[in-house]
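Engineer: Chain by chain, the residues:
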Amino acid sequence: AQTVTQSQPEMSVQEAETVTLSCTYDTSESDYYLFWYKQPPSRQMILVIRQEAYKQQNATENRFSVNFQKAAKSFSLKISDSQLGDAAMYFCAGGSSNTGKLIFGQGTTLQVKP
Amino acid sequence: ETGVTQSPTHLIKTRGQQVTLRCSSQSGHNTVSWYQQALGQGPQFIFQYYREEENGRGNFPPRFSGLQFPNYSSELNVNALELDDSALYLCASSLQGPNYGYTFGSGTRLTVV
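The listed protein sequences correspond, in order, to chains Y and L.
Residue 89 in the numbering used here sits at position 89 of the first sequence; the count goes up by one each step and never skips.
All you need for the numbering used here is the position in the second sequence, starting with 1, plus 114.
Isolated chain Y, as found in the complex (with noise of 0.2 Å):
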């Protein structure tokens, strides 16, 4: 069975700070991918970085990124110079190339401060 666990249900930084969301996962995949969603207000789920769990080298997305520890299974997102517009839920998500299906983790609310 594949399982995405978000243990912050709450996060807050403040804006120009930086802050870093956790996420594990547990899967017997091979082909394995890993997503990090914002889901503002709007409602709609917003891909701000993948991963693929085979390359150890960690994602970049201008000032997200991800901290990839395949031996632990953590895939953490880091929010760099955190501006206003990035107060939304995020979900850390995974999926496997075999089913295409995604496993969202709990989701995780970050509140940025001015």
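These are calculated hints, taken from the structure and not from any lab test.
In this text, all values refer to a predicted model and were calculated from it rather than measured experimentally.
Virtual Cβ for every residue (Gly too), placed ideally from N, Cα, C.
Some clues are possibly wrong.
[Said to hold, decoys possible] Just some of the chain Y residues that point at chain L, by a computed CB distance under 10 Å: (1) Gln8; (2) Met11; (3) Gln14; (4) Ala16; (5) Tyr25; (6) Arg43; (7) Gln44; (8) Leu47; (9) Gly95; (10) Ser97; (11) Gly100; (12) Lys101; (13) Leu102.
Knowing the structure of chain Y, use the given hints to seat chain L on it.
Structural biologist: Then chain L, alone, in the frame of chain Y:
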């Protein structure tokens, strides 16, 4: 522009009724998935369609069914609605395959009373 549009945005139904939710993907998005997201929770996978055939299903009863059409639009049908079916229903499609992540629509908020 997201490329994935869902209708309606909000819907109120009575317990026992049937509902059809619609999703329109960008041309070429041959994979579409539906998710149910309860308030304050992560989305739960309902099922996936690839080239008009269901090729994956989550832990949902048969009264949840779907269709995918040649024009890449799709439907989610729910029969015999229950109060617990109240949720946000998200449609997600992929052009390059699930490995690259899905593009999600803004969802349909279904309330069952």
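Engineer: Please name the hints from earlier in the document that this structure breaks, with their numbers sorted from lowest to highest.
Structural biologist: 1, 2, 3, 4, 5
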